[in-house]
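Colleague: Based on these hints, arrange chain B on the given structure of chain A.
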Amino acid sequence: MITRENYEVYFIDYLEGNLSDDKIALIENFLDKNPDLKTELTEFSSTPIIEIGEHESIDFSYLKKKERSELTALENLFIGKIEGDLTVSELDELNSHLTKFPEQEKVLASFEMTKLTPQTIIFSDKQSLKRSKSIGFYYYLTSGVAACILALLYFNLTTTGEQITPYVAEKNSYEIELAPIKTQEGDNKIKAESEQLLVEKRIRREKANTFIENPTETGNERANEPILVKKEKEIIPKMEETLEIEMKEKVEPELIAINPPVKEIIENPELERTETKAIKTYAKEKAISFLEEKITGKEDKSQTLFAFAEQKAKEIPVPKFIKIEEQKSNKQQVKTIKIGNLFSIKRKTRI
Amino acid sequence: MNVKEYNSSIDLYADNLYRFVVKNMKNSEKAQDVVQDVFEKVWKKRKDIDAEKIKSYLFTAAYHTMLDVLKKEKRITNFESERDFEKSHTEAYSGINEILEAALETLPEIQKNVILLRDYEGYSYEEIGEITNLKNSQVKVYIYRARKSLQKYLVSIETVLG
Numbered sequence: 000m001i002t003r004e005n006y007e008v009y010f011i012d013y014l015e016g017n018l019s020d021d022k023i024a025l026i027e028n029f030l031d032k033n034p035d036l037k038t039e040l041t042e043f044s045s046t047p048i049i050e051i052g053e054h055e056s057i058d059f060s061y062l063k064k065k066e067r068s069e070l071t072a073l074e075n076l077f078i079g080k081i082e083g084d085l086t087v088s089e090l091d092e093l094n095s096h097l098t099k100f101p102e103q104e105k106v107l108a109s110f111e112m113t114k115l116t117p118q119t120i121i122f123s124d125k126q127s128l129k130r131s132k133s134i135g136f137y138y139y140l141t142s143g144v145a146a147c148i149l150a151l152l153y154f155n156l157t158t159t160g161e162q163i164t165p166y167v168a169e170k171n172s173y174e175i176e177l178a179p180i181k182t183q184e185g186d187n188k189i190k191a192e193s194e195q196l197l198v199e200k201r202i203r204r205e206k207a208n209t210f211i212e213n214p215t216e217t218g219n220e221r222a223n224e225p226i227l228v229k230k231e232k233e234i235i236p237k238m239e240e241t242l243e244i245e246m247k248e249k250v251e252p253e254l255i256a257i258n259p260p261v262k263e264i265i266e267n268p269e270l271e272r273t274e275t276k277a278i279k280t281y282a283k284e285k286a287i288s289f290l291e292e293k294i295t296g297k298e299d300k301s302q303t304l305f306a307f308a309e310q311k312a313k314e315i316p317v318p319k320f321i322k323i324e325e326q327k328s329n330k331q332q333v334k335t336i337k338i339g340n341l342f343s344i345k346r347k348t349r350i
Numbered sequence: 000m001n002v003k004e005y006n007s008s009i010d011l012y013a014d015n016l017y018r019f020v021v022k023n024m025k026n027s028e029k030a031q032d033v034v035q036d037v038f039e040k041v042w043k044k045r046k047d048i049d050a051e052k053i054k055s056y057l058f059t060a061a062y063h064t065m066l067d068v069l070k071k072e073k074r075i076t077n078f079e080s081e082r083d084f085e086k087s088h089t090e091a092y093s094g095i096n097e098i099l100e101a102a103l104e105t106l107p108e109i110q111k112n113v114i115l116l117r118d119y120e121g122y123s124y125e126e127i128g129e130i131t132n133l134k135n136s137q138v139k140v141y142i143y144r145a146r147k148s149l150q151k152y153l154v155s156i157e158t159v160l161g
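Sequence lines, in order, name chains A and B. First residue of the first sequence: 0, per numbering that gives the first Met the number 0; consecutive thereafter. First residue of the second sequence: 0, per numbering that gives the first Met the number 0; consecutive thereafter.
If you are wondering where the hints come from, they were derived from the structure by calculation, not from laboratory data. The structure displayed is predicted, hence computed values, not measured ones. C-beta: ideal position from N, C-alpha, C; glycine also.
Pairs of lysine-lysine residues, derived as BS3-like cross-links and limited to a Cα-Cα distance of at most 27 Å, are as follows:
#1 B:3 / B:44
#2 A:125 / B:54
#3 B:29 / A:125
#4 A:125 / B:43
#5 A:114 / A:80
#6 B:54 / A:114
#7 B:25 / A:125
#8 A:80 / B:139
#9 B:40 / B:54
#10 A:114 / B:151
#11 B:40 / A:129
#12 B:134 / A:114
#13 B:54 / A:129
#14 A:114 / B:111
#15 A:129 / B:43
#16 B:40 / A:125
#17 A:114 / B:139
#18 A:129 / B:29
#19 B:111 / A:63
#20 A:129 / B:25
#21 B:25 / B:71
#22 A:125 / B:111
#23 A:80 / B:111
#24 B:44 / B:71
#25 B:139 / B:52
#26 A:129 / B:44
#27 B:52 / A:129
#28 B:43 / B:29
#29 A:105 / B:151
#30 B:139 / A:105
#31 B:151 / A:80
#32 A:125 / B:3
#33 B:44 / A:125
Chain A residues, not near chain B, derived (Cβ > 12 Å throughout):
#34 3
#35 5
#36 23
#37 45
#38 331
In isolation and in its complexed conformation, chain A is listed as follows (with noise of 0.2 Å):
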């Protein structure tokens, strides 16, 4: 029984004339019901038969794979010679037969030439590859950003950003906390010393010109707790303010010369072009005076914090991408500066 499934046997048998009548017949009568297949009979018919006889092979010579050329002897001694691995018999050797075969030298010339010489190839990028600072001095660093970016905002911050108006006596709080610091490297050691520097400095203040005292406060209370009154007398709620300065990722100290005119700077890149050392000086001052002044009590720190300061008030430029954010509600306003991605200062004000 012939079906699609077993044709091909029979067409070869057809071909090469194997069948009986009776199948040929019944494979004549499978192709007018398969017409289809009567090509694929011809085509089976058209493909060369190849025909081995007994004592024939084929070819398969072409399959072999290309031997590697071993050196002789002599190339051994040539390549030695320009690689410097020769024995001093061995150079003897190579000399005596250039002596006698001085066509070689030739040959040994051919060799010296595969020597490269080295080109001269640039890497342009090498400064983008060089680091600028080491873990050991991060807290450090750190901390003298921290320090910096205080002393900047203890003086400009509540300036709202349009006036220098240091503030002169003081009779208020504040706390101000470094945040935890995270970076891509050396997490573990810098958790380690990323340690909260919680300084709080009880900073007794007025402006002078902006309030009165409160007439009902006797003096002693007054040094203690002391209650403003503006101008009107109107009485205003004590306020417990919070600076946090948070840094995120890698840290490049590129920050400092936050300036009172700041924003000016930001809306007129002109200006910063042309303000810039004017700033980075009130930045290295008031870093400084900050530093000095305010640390006390803690003398190594401040030499480091304060050459770093000197240093980056120095070097840095100012930063172009720095943005201020308010928020308010009943109970607190919430200023936020960001600098980048590198850090953000929250001035917290519970009233």
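Modeller: Using the frame of chain A, we list chain B on its own:
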């Protein structure tokens, strides 16, 4: 090694490292990536690296990083096998260095690497062995075979060019 030594290693070796990698990869952007990866690795492990051995460390790291990249690209299909020399000789060569550059491309990857380390960087068999994880004797064999192949190429070019 400290930061200063790290930065100094960039000045001293970044060019050579880049040359070694770009000669192999034939792609300047990928070669730059490899060099950056290598220095990144060095920076992360700098505390464990002896500054005096930095060059060897750099080339070893570059060699293996480069192989990883090439393997990913499936370029190394026949790493150990000889390549066919029957390349077109119709290109116009302006000098021996150009011919050698072309000849270099006919070498198996490993031979090319050892020759570049030998001729460009002046490394000994032992140092090349450390970089490539080969025995000294293997390094020597590869260098000898490479020289033979390069010489054969030069002679064939000379014959073609008359």
